Amino acid sequence: MSAENFGGNHPMFDSPMNDQGLRIKVIGVGMAGSNTVDHLRLNHANEIKLAVVDTDNKTFGSSTLQEKLLIGRSVTRGLSAGGEAEIGRKAAEADREQLTKMVEGFDIIFIVSGLSGGTGSGAATVLAEAAFDSGAIVIAFALLPFSHEGSRRIKQAEETLIHLRGICHAVIPLPNDVLLQEVSEDASVLDAFAVANDWVARGVQGICGMISTNGLINVDFATLRKAFERRGGKTLFGIGFGEGPEYIKQALASLDLCPLLHLPDNKYIRKADTLLVSLMAGTDLPMNAVNSIMEQLTEKFGSKENTILGAVIDSEMKQSLRICVFGTTDVGTTKVYRPTERIERAIAARAQQSHSQPSASIPANKPNIAPSKSPKPGEDQEEFTFSSNEEQRGLFSKTDANLHDGNDLDVPTYLRQGIKIQL
Amino acid sequence: MANIMAQSKIIAAVEMGSSKIVVLVGEAIEGRTVNILGMGEHPTNGIKKGEITDLKTASACTHTALLKAERSAGTTIEGVYLAATGSHLEGFSNRGIANVSASDNFVTRADITRAVENAKSKALPPGRVYVHHIRSGFTLDGRPVDDPTTMAGETLETSYWHVHGDEMKISNALRVINGFSLNVDDMILSSIASGRMVCTEEDRKAGVLVIDIGAGTTDYALYKNGNAIRTGVIAVGGDHLTNDLSLGLRINAKSAESIKLRYGKAEIDKDDKNDNVLLLGDLSIGDRPIPRLAIYKILHARIDELLIIIKNKLGSMASPQHVPAGVVLTGGTARLPNIVDAAERIIGLPARLGELDSAVNNRDLRQHEYATALGLLYYGAHAQRPRDERREAGILSKLTTFLKFN
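Here the protein sequences line up with chains F and B, keeping their order. Under the working numbering, think of the first position of the first sequence as 1, with each following residue one higher. Under the working numbering, think of the first position of the second sequence as 1, with each following residue one higher.
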């Protein structure tokens, strides 16, 4: 999974808001969030608006984005929040009106934020509240600090994470420890951040891809909204990619190894109440393969009641498949999302304004999901891959499978959990 | 069946482990003490994950070990106590209830028998046989009692932890011993045999979790009120650590084993440096550096997973209030540095390495590898007691269904 997966320079700027399509905005909050959004390489760049919010003047100097919002000038005088969540929150409260304006009129708002920073944790929650009130689906990517950044930052991040889960429709935690284990030891800092950005890009793309119209199987916006009805639960998120003659098998295996499915948080509790599955493949994807993939995924994530499938066909993807699963769990204490009167009004007003259906989608005639460059086999290969299952069992290759919860315990744990070993 | 009335009997404890076969020969004197007369060991072939994969080779290895043991003891073995392991062994808990029949409400022997039979009445699917019925004690009208006889009450309840295994696999193990013209007097779970040796009676009364991490399997037993109330076998052991290292570092199994023994560690510390260690360490050709963190990561993932599986299997039963004596680790893999810390962190109970029962005088035998075999001898010796003297220990009052294969 190299950074090239989603490479390709697509025009990112000067794209007028498309009134017909689904309005999506990605907002980076704080230094880490802004940097990530700044370097986000999306294939839908035309339809997706990018923006950054920070308390620090310096962030905007380096940002190439058009929409920048400096908040809390009265609180921090344009200096950063200094790692204090309280200051970040105050800064955001002071400029809540501007934040509300920023999120108004969008269907999906992605918030990208580093939870260890002051602005990232304090302002993100305020922004999430504003976005939620505007009636949009709010999905947050929360970059969690390294474990060596000290317990104070980790504690702040954890508290914010719980807080965010209560506000957003879905929160996807991205622990730096896990993301950066993919980076080789001698990679530059830029490379390392590119990897983190890549995860965000893949998530945004996976969700947007599902609602596209030229898909094999479509999901409309209303369905998506239904899936995110419940707030406060934990979100399960994983991606897999496979190519070559056995691309379907490979994609499923790589999904299995997705480190985000092996976070200590949801280790061994990988069950979702509502599961969204987004498939992207070439024209050669057979329908019965889709069925068998869905069967395996629902089995694995245990959501037989409510599984939503979106499949996108991209003519440029031959013999390759990208899977993105997105599950929300109902942990009992979650609040069912019921649009308040204010939110309903906001939605209605927006629908009138744009003269389009509420479940409008991204225009069909544009190439939708087109990772312009797929990694060549063997390129940047750090990890030794095993071609067959038997080879992964080594010493135990000729013995009975050692099954526990669907895992073969004879296969090394690090292989099954996608832990990268640097040699 | 064992000759119970014999005053002394030469018995052998046989543990067919995945790395080596251990045979201890002892003379049980009136069921009170055991004189250990000799021992035999042989590296194993044909046994993986505690199960026989090649009957011929496994038999040859076991017979060599038995022969060595007989030679060192200078006598012939009269009966064998065999350790049972392998992931085919499973257990379930079942209760038996009997209403006290006498009009004066005093519990009679017949009531106990009825409760016990009731608890044991569950039939197994074809191909499975019972190995143990371990009683977790009696309750009389909800109160736990040690011995309900002649106590007054209305409802007598008992619950059993039943262990059953695959008929074919058990009969294969018995066939190996029978091939040496010996009978298996009894088969005892590895975890229960080692559990007897590595913690004290007080521990087992208070509640203790014994985890025996061997080469091919991890056997655990949870004790409460002196009885094993849960047991289990997970077919993951030290061999898996070696195999993981061999695959992850792309080295052969022999080097992986040596790396595991020289540098292995179960936890990754913050100040662990990612320096390199040498594969062979003897400056010979083919030696190459291996990053230390790669070794730690591979082992850490495996040990964590193993302990999480055990924790999940026991669920709320492994909470500190139920298991005040904590976790006792034993078996060859318990020598892996920091494994105690890993157990404490994951299971959330105080953990320590097991110490062999002080009753074992021989220093050479007071090692983790021999805990199971010594435990077998202990149970073997107790089975030789004259019947009236023998307290009806839960563990030995089991059906001997498997002996039908003899």
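One thing to keep in mind: the hints can contain errors.
With a Cα cut of at most 20 Å, we get these calculated SDA-like pairs of lysine to any residue [what the hints assert, rightly or not]:
(1) B:Lys270 / F:Lys398
(2) B:Lys68 / B:Glu41
(3) F:Lys68 / F:Arg96
(4) F:Lys300 / B:Asn312
(5) B:Lys254 / F:Gln392
(6) F:Lys398 / B:Thr57
(7) B:Lys311 / F:Asp408
(8) B:Lys273 / F:Arg96
(9) B:Lys270 / B:Asn312
(10) B:Lys270 / F:Arg153
(11) B:Lys265 / F:Gln422
(12) B:Lys273 / F:Gln422
Calculated from the structure, these hints are not laboratory results. From a predicted model like this one, the values you see are computed outputs, not experimental measurements.
**OP:** Go through the numbered hints given earlier and state which of them the structure violates, listing their numbers in rising order.
**Re:** 1, 8, 9
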